[in-house]
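There are 2 protein chains.
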Amino acid sequence: MTKKIFPSWIAVDWGTSNLRLWAMDDTANILGSAESPLGMNAIAGDPKLSFEAVLIDLIEDWLGAAPAKLPVVICGMAGAKQGWLEAPYCDVPARPSDLAKGAVTPNVTDPRISVFILPGLCQRADPDVMRGEETQLVGFMAQNPDFAGWVCLPGTHSKWAHVSTGMIRGFRTYMSGEVFALLFQHSILRHSVDDTWDDASFADAVRKASEQPTAFLHSLFGVRAGALVAPVGASVAPGASVLSGTVIGAEIADVLGLLQPGENIALIGAGKLASLYQAALAVHGYRAALQDGAAITLSGLRQAHDTLISPPQET
Amino acid sequence: MTKKIFPSWIAVDWGTSNLRLWAMDDTANILGSAESPLGMNAIAGDPKLSFEAVLIDLIEDWLGAAPAKLPVVICGMAGAKQGWLEAPYCDVPARPSDLAKGAVTPNVTDPRISVFILPGLCQRADPDVMRGEETQLVGFMAQNPDFAGWVCLPGTHSKWAHVSTGMIRGFRTYMSGEVFALLFQHSILRHSVDDTWDDASFADAVRKASEQPTAFLHSLFGVRAGALVAPVGASVAPGASVLSGTVIGAEIADVLGLLQPGENIALIGAGKLASLYQAALAVHGYRAALQDGAAITLSGLRQAHDTLISPPQET
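So the protein sequences, as listed, match chains A and B.
Taking this note's numbering, the leading residue of the first sequence gets 1, the next gets one more, and so forth.
Taking this note's numbering, the leading residue of the second sequence gets 1, the next gets one more, and so forth.
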C-alpha cells in the first residue's frame, strides 16, 4: 500500500510522444512522479482519449479533499495547435515571466484542478519555434542568473538559445539529429557506416567541419570517398564517427561563429547524444558540464508556477 | 530493314543503372546509337550476364567483316571495382591525356573488338572520387580550351571541377540531390512541402543560403518554422521552393567562396535540375549556359579515342 501524498501543485512536461508528471510540495520537494506514453500524438490520434481524462487518471491518487483547486502547470506540446488548448507562441526576446504570463487555462470539468498551459517561443526574423525547451531554459536561467551565451539542448532537432541579462534573446533549431539518422539509414553513406566507433575520427571530423564551415554537403561525401581513396592496407576512419562528427561539427561551427567575446556555452541533456556534443565542444576548447534535462525542466515549471500562483513584484 | 553501318569505333558511357553507345565514324559523325538498362548494377546482380556479352549484343549489327579489331572506348562504372575490369583512379591534378593513358584493356573472347575502359578521378587531400564525369570534363575542355574556373555537373551527387590551363586541378562532390530527396520524402519537412513552386521563394532561399553559408542545418528547419510563424492570412512561401533553394544555395555558396578573380562557372546538364542550378547561379549574377551532357560525354570519349588510337605528340 502506497503512502498517500498531498501535493500543493502538479508539474507536467507533456511532449509529443510521452509525458512526465511530478507531485510537488510548497518547498520544491518532489513528493511523487509518473510517466506515460500518452503524448500529444497518442491523444490526438485516439478520439476516445482527452487530455483532461489522461491527466486525471495519472494524478487521481494525489487529488485530496483539499478545499482549493490543485494547480497543474504544463509545458510542451499540450499547448500546440493540435494539443489540449493552443498557447500562442511568445516572441523573443522574452523573459521567463513573459512565458508564465502567456499561459492559457483550458476549461476543465473536474472541479479539483486548475490547469495552466505554458506557451512556446517563436522567432520571426529568422523563423524558428520551440515548445517545451523554453521551460528548460527558464529553469537553467533560474539556476544561472548571470549566464551570458548560448545554451544547447541536443535532440533530433537540437536547440541553441542565446541568453543574456535574464532574457532569451533568440534561438536556432538545427536538424542535425534527423539529418544524421536519414543519412545513416537511407543514403549512399549507409554502406560506409556500421557500429564501429573511434573518438579520434569523430574529433577530426568536428575539426574539419570547423575548417570548412560552408562545405557541409561536400564533406558528407567524404565519409564515403575517404574509404575509397585510402591506400590499400591503411586503416580507415569508421564512417559513423566521421558522419557524426561532420554533422555535429557543422552545427557547432555555426554557433561558434555567433559567439561574442565573454560569452559561454552550456549544455542541457544526458546520454550518448549529449556526450557527443560535449566531446565536440571540447575539440574547440569548451568545457560544458552536462546538466540533467528533467531536473532543469522541473526547475522551469516551478519558476512558472511561482509566477502564476504568487506573482513576484516586477517593474 | 535498317541500313547497315560500318563504324570505325564505338563510344560507350556505362553507368550504374544504364548505358549508352554510339557508333562513330572517323570524322566525329554519329552513325548510330543505342541505350540499355543493363548498367553496372544489373550486370553485377545477375550471374548470367557479362559485360562483354551485353556489349556484343548491343553492337552486333555494327560489327562488320573488317580485318582490324573495332575499338570500343568506355567511360563510367564499367571501370569500377564491381565493374568489368577495375581502372584505377587517376589522381588530380590530371590532364585529359593522363586519363586516356590510364585506360585498362579487359581480355575479350570476341576477336572483332578491342576494349578500352577509362579510369575515374580521385582526390586524396580532400577525399573525393568520380567515374564518368571526368570524361564529360575532358569533352568540355576540348570545346573550351581556355576555360578557367569551376564546371558544375548537377546530379544526385553533383560534381564541381576546378579547371585551368587544360588541367583538372581538383573537384568536389556535393550530396545535395540525395539530401534534398531524403528531406523531401522522409523528414519532418515532408509536411511542409508539396507540388507548389515559386521561383521568387527559391531565389530568396538561395540568397539566404549565401548570407548564412554556415547555417545549413538550421536553415532547413526554417522551411517548417517559416510557415508556423507567418501571420494568419499571410502568404507562405511554398516549402519545396524554399527547401530546394536552401540546399542548392548552400552548395553554390560554398563553391563561390572558392572562386578566384577572373574565374568562370560552366554548367553541364539538361532538364529541371540543371535549370534550377542555372537559376541559382543567376541569383549570384552568373549566366551559365546549359551544355548538353550527352554531347559533352561523346566529345570526351572521342578525345580519349584519339589519344588511345593515334596518340598525339606531347612533351
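Keep in mind that the hints were calculated from the coordinates and are not lab data.
Wrong hints could be hidden among the right ones.
Identical copies go unnamed one by one, so any copy, or any two together, can satisfy a pair.
What the hints assert, rightly or not - Capping the alpha-carbon separation at 20 Å, the derived lysine to any residue pairs in SDA-like fashion look like this:
1. 81 / 8
2. 81 / 230
3. 208 / 49
4. 81 / 191
5. 208 / 257
6. 3 / 199
7. 48 / 284
8. 69 / 104
9. 208 / 258
10. 81 / 227
11. 208 / 125
12. 81 / 104
13. 208 / 30
14. 81 / 188
15. 272 / 282
Fair warning: this is a prediction, and the values are worked out from it, not measured in the lab.
Evaluated hints:
1. 81 / 8: For residue 81 and residue 8, neither the intra-copy (29 Å) nor the inter-copy (70 Å) Cα distance is at most 20 Å.
2. 81 / 230: between (51 Å within a copy, 14 Å between copies)
3. 208 / 49: neither (49 Å within a copy, 43 Å between copies)
4. 81 / 191: between (40 Å within a copy, 15 Å between copies)
5. 208 / 257: both (15 Å within a copy, 17 Å between copies)
6. 3 / 199: neither (48 Å within a copy, 65 Å between copies)
7. 48 / 284: neither (51 Å within a copy, 55 Å between copies)
8. 69 / 104: within (16 Å within a copy, 84 Å between copies)
9. 208 / 258: Classified as both; 18 Å inside a copy, 16 Å across copies.
10. 81 / 227: between (47 Å within a copy, 13 Å between copies)
11. 208 / 125: So residue 208 and residue 125 pass the 20 Å test across copies only (12 Å; inside, 30 Å).
12. 81 / 104: within (12 Å within a copy, 63 Å between copies)
13. 208 / 30: neither (45 Å within a copy, 47 Å between copies)
14. 81 / 188: So residue 81 and residue 188 pass the 20 Å test across copies only (16 Å; inside, 37 Å).
15. 272 / 282: within (15 Å within a copy, 44 Å between copies)
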